[in-house]
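*Asks:* Okay, here's what each chain looks like letter by letter:
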Amino acid sequence: MSSFAAEVPCLMPPLRLLIVDDSNVMRRRIERSQRLAQLQVVGTARDGREAIERFIETDPDVVTMDITMPNMNGIECVEELVRMKPGVLILIVSALADKATAVEAMEKGANGFLNKPFTDRQLNEALQELLGGA
Amino acid sequence: MLDEQAIRTFLYGTTRYFEVAAQQPASVGSPYLMSHDATELYEYTGVISVSGRRDGIVYFTAPRGMLTVLLMRMNESDVSHENLCDIVGEVANTIAGNARRDFGNQFHISVPTVLTAGGEEPRRPIGSQPIVIPINWRSHSARLVVCLK
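Here the protein sequences come in this chain order: X and Y. At position 26 of the first sequence the residue is numbered 26 (my numbering), and the sequence of numbers has no breaks. At position 133 of the second sequence the residue is numbered 133 (my numbering), and the sequence of numbers has no breaks.
The shape of chain X in the complex, shown without the other chains (with noise of 0.2 Å):
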């Protein structure tokens, strides 16, 4: 039996999750193996620019951001959704895995930092850790 809170029956209205990253494998794995009743994917995107088009459209309350991508990166688009909803709440999965990113992408809003490669148990408790304060 899983110790995921998967299992659990929920009675709150699930979450808004949106997924950004250039790597479709690595988005359709994160929309896949996330195993969290509370979360419900509502839009992927492939980079910063178009993360922002999804935003506006699907008002998600949780984002899982790549750092590396075209025509926008994870940190600058950390940046512009923070500005727009303050209480969202942004799971950053890069591989980049040096701690001055990490704390940067903290300083400009992100919740929390998964670096890859991961295991889906991985991604799990990261974004239950993540929902722990929501």
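Bear in mind the hints are in silico, worked out from the structure with no lab data behind them. Keep in mind that the hints are not guaranteed to be accurate.
[Claimed, not checked] Residues of chain X clear of chain Y, computed beta-carbon distances all greater than 12 Å:
#1 L15
#2 I56
#3 E57
#4 V88
#5 A100
#6 L131
[Stated by the list, open to error] Which bits of chain Y does chain X cover? Going by a derived footprint, with three or more residues having C-beta under 8 Å, they are:
#7 55-69
#8 83-94
#9 100-106
#10 133-145
[What the hints assert, rightly or not] Derived contacts from chain Y toward chain X, CB cut-off under 10 Å, selection only:
#11 G13
#12 F18
#13 P112
Heads up, the beta-carbon is just placed ideally off N, CA and C, and yes, glycines get one too.
Model the placement of chain Y on the given structure of chain X, informed by the hints.
*Replies:* Chain Y only, in chain X's frame:
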């Protein structure tokens, strides 16, 4: 030229990728210097440009069969050419990005460029000595090539 510690960084990043993402460890062979006329590309190659503290490229080159199994290990049923291009770029991006743990945030990496069989070859910076890290995973072979000044 890469020093021993830098090579160790990429060896670690490569083994960790397969251990975590595919949940099946890969074995890496002894790194060796590539001769400048030998490119030795497989069908798919993900290239990351590096700037800032170091200058050059890092690329991961792999056969279709390995990438197909890698996608399947991630429960990805779409093993189209587009997704094979996507995953080869993502592997290169992840290994290069993880190297910032040791190289710091001035090790700037680009988004991946993907080359396929019969196409262009990666542009190696003049004066660099490419290091090849052979990778064996399941029955497949691939290479990570680190070419930094």
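*Asks:* For every hint, state whether the structure bears it out.
*Replies:* We went through each hint and held it up to the structure:
no., hint, in the structure
1, L15, "holds (24 Å)"
2, I56, "holds (24 Å)"
3, E57, "holds (24 Å)"
4, V88, "holds (24 Å)"
5, A100, "violated (4 Å)"
6, L131, "holds (23 Å)"
7, 55-69, "violated (count 0)"
8, 83-94, "holds (count 7)"
9, 100-106, "holds (count 5)"
10, 133-145, "violated (count 0)"
11, G13, "holds (9 Å)"
12, F18, "holds (9 Å)"
13, P112, "holds (9 Å)"
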